[in-house]
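Protein chains in written order, with this note's numbering: chain A, 1 to 311; chain B, 1 to 311.
Please note that a few of the clues may not be correct.
Since the list can't tell identical chains apart, any single copy or any two copies may satisfy a pair.
[What the hints assert, rightly or not] Subject to a maximum C-alpha distance of 20 Å in a straight line, what follows is the list of computed DMTMM-like cross-link-like pairs (lysine to aspartate or glutamate):
| hint | residue 1 | residue 2 |
| --- | --- | --- |
| 1 | K204 | E284 |
| 2 | K76 | E53 |
| 3 | K17 | E274 |
| 4 | K89 | D39 |
| 5 | K204 | E150 |
| 6 | K17 | D4 |
| 7 | K129 | D297 |
| 8 | K129 | E202 |
| 9 | K80 | E265 |
| 10 | K90 | E284 |
| 11 | K17 | E150 |
| 12 | K76 | D39 |
| 13 | K90 | E245 |
| 14 | K89 | D214 |
| 15 | K17 | D130 |
| 16 | K129 | E53 |
No lab work stands behind these hints: they were computed from the structure.
One letter stands for each residue in the lines below.
Protein chains: 2
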Amino acid sequence: MNGDRRYFGAVEAGGTKFVCAIADERGVLHAEARFPTADPASTLAGVSRFLIESSRAIGPLSGIGIGCFGPIHLDKQAAKYGVIGNTPKKGWNNIDIVRALCSPFPCPVGFDTDVNAAALGEHRWGAGKDVGSLLYVTVGTGIGGGVLVEGLPLHGLMHPELGHLYPRRHPADTFPGVCPFHGDCLEGLASGPAIVARCGNELKHLEPGHPQWDLQADYLGQLCAQSVLALSPQRIVMGGGVMTERRLFPLIRQRLLHWLGGYVERNEILDAGEDYVTPAALGERAGVLGCIALAVDAAGAASRRYPTSGP
Amino acid sequence: MNGDRRYFGAVEAGGTKFVCAIADERGVLHAEARFPTADPASTLAGVSRFLIESSRAIGPLSGIGIGCFGPIHLDKQAAKYGVIGNTPKKGWNNIDIVRALCSPFPCPVGFDTDVNAAALGEHRWGAGKDVGSLLYVTVGTGIGGGVLVEGLPLHGLMHPELGHLYPRRHPADTFPGVCPFHGDCLEGLASGPAIVARCGNELKHLEPGHPQWDLQADYLGQLCAQSVLALSPQRIVMGGGVMTERRLFPLIRQRLLHWLGGYVERNEILDAGEDYVTPAALGERAGVLGCIALAVDAAGAASRRYPTSGP
């Protein structure tokens, strides 16, 4: 140990890039690296090298947190724990990401979806510090939702996969959608790749009068409404590449109210909802900081399981 | 107290009827009564009389559990705790049901949605004993969903209102729907009143080849799929008047698989799903027994808060 300070490793495994970091338990970063999400062998080799070399330079790791694109196997009792499931990302199906990255380290490991990790990060250090029931939505390469209930990530049978809910089709939208499983689910209609496939350009390059802005707000407003009705979060935090376009937020809040149809009479939602549907305070780092939180919690859980006799 | 035995009161406030009972903590009923859901004053007077007279005859109540149709105010810190919200049921908006029924009794009160109570009942004594993460869906006068996460009812901002999710419209269905808030949400398209309004008859009187069977299975299959993607329950238990038609179950399981599109590769769902989407084991009594569980838990919580010096 380096004095009182403990260090934790974080790996946010996203659809476009892997964001890796070493931080202390307050979430202060001491090293950071990014790797494009390529084939599993080369991507994981780069990440593994970063973890090993940084921990040599900075100090031994007290825990590692991995937040990974879904679907993933989270049941610790199952043989497939730590393994990536039936993903549309080529080559990544059935990859044991926890074993690949953590076997050189004797420390406890926290493993969850990238979006559950981001929800945890926003809960600990960002836009969800004051609520226990939180939804984090990312809109980027894909669409995903992480859910905290009473401060803890929601798993259940697997974990939420909100990006694959079907919205009602906007009457002006004839685009078939890009999801290889579902075609025109939310991810198929409103993810970054869907926008580019439909409009030939990213949202940020489309003029304010372009119909995609309304489509985008409508579909994401439906996602928020479906989430309110199913999960009843106390706040919805939205991040990811597409959500850096801040003018989406008021448009989404309007469509959320439209789709709820006056049924949910909670002031948090009705009062324009500026605090209810809100940008990620940690921005791009929500995921990787959430992985630090996963690592800290895993280390805490492990030390509670095996108490030492020391102070 | 009558020896060691403790008695609990239960009120399941449903859209069609109020089911009331006195039971012990094992869920054995000692008295039961039903009252049609009419105007609040006369309905609540009947229920109140039952509780007072039964407890005089059987023994003092150690707790009361109320499971009520939504939306309701569940936040114990809020002024509106115990009050019914913006319901489509005439006259019931803003009724303080907890105060109306419980003020004569000094015992602790558990208050939740009728469907969260039913989920709790099935978890304690029915089809969900072996899972902590459970969805209970009722399809009757309305459509509602109760959710347990790690064995505890999900609240968050309010509580789930799954019946008001919008399904994709079945291409053969031109019925506008009966929900006063949303028209063609799930409750508007597939509740008991929606079936009667569309077909002129209840589902049980429609011949097996009637197109409503396929519509009904498709909409409820969508509800199950949306729930899997949002809530990831370990089991879906279905009850309510419409679900007494057992031939719906295999049809719903087929449509669930269709709507998931091969994305959720969990054997629990893929292996025909007979255990995954399953009838309420407590049948019509899921709700009222769940209210007994709410009452028992409220009494337990109260005695943990104010421990006695006795054994």
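Structure-based check of all given hints:
Taking identical chains as interchangeable, the C-alpha atoms of K204 and E284 lie at most 20 Å apart only when both belong to the same chain, with a minimum of 17 Å there against 54 Å between chains. Taking CA atoms no more than 20 Å apart as the test, K76 paired with E53 passes in neither setting, with 28 Å inside one copy and 51 Å between copies. Taking the closest pair of Cα atoms, K17 and E274 never come within 20 Å of each other, the shortest separation being 30 Å inside a single copy and 40 Å across copies. For the identical chains of this complex, K89 and D39 are intra-copy neighbours only, at 9 Å inside a copy versus 56 Å across copies, given an alpha-carbon limit of 20 Å.
Taking identical chains as interchangeable, the C-alpha atoms of K204 and E150 are never at most 20 Å apart, the minima being 36 Å within one chain and 41 Å between chains. In the homo-oligomer, the alpha carbons of K17 and D4 never lie at most 20 Å apart, since the shortest distance is 32 Å inside one protomer and 63 Å across protomers. In this homomeric assembly, K129 and D297 come within 20 Å of each other (Cα to Cα) only inside a single copy, at 16 Å, whereas the closest approach across copies is 29 Å. Neither within a single protomer nor between protomers do K129 and E202 lie at most 20 Å apart by alpha-carbon distance, with minima of 32 Å and 49 Å respectively.
In this assembly of identical chains, the alpha carbons of K80 and E265 lie at most 20 Å apart only when taken from different copies (12 Å versus 43 Å within one copy). In the homo-oligomer, the alpha carbons of K90 and E284 never lie at most 20 Å apart, since the shortest distance is 24 Å inside one protomer and 48 Å across protomers. Taking CA atoms no more than 20 Å apart as the test, K17 paired with E150 passes in neither setting, with 30 Å inside one copy and 33 Å between copies. In this assembly of identical chains, the alpha carbons of K76 and D39 never lie at most 20 Å apart, being 26 Å within a copy and 51 Å across copies at closest.
Neither within a single protomer nor between protomers do K90 and E245 lie at most 20 Å apart by alpha-carbon distance, with minima of 29 Å and 43 Å respectively. Taking the shortest Cα distances, K89 and D214 never come within 20 Å of each other, neither inside one copy (29 Å) nor across copies (34 Å). When the C-alpha separation of K17 and D130 is checked against a cutoff of 20 Å, the pair qualifies neither within a copy, at 30 Å, nor between copies, at 39 Å. For the homomeric pair K129 and E53, neither the shortest alpha-carbon distance inside one copy (33 Å) nor that between copies (48 Å) is at most 20 Å.
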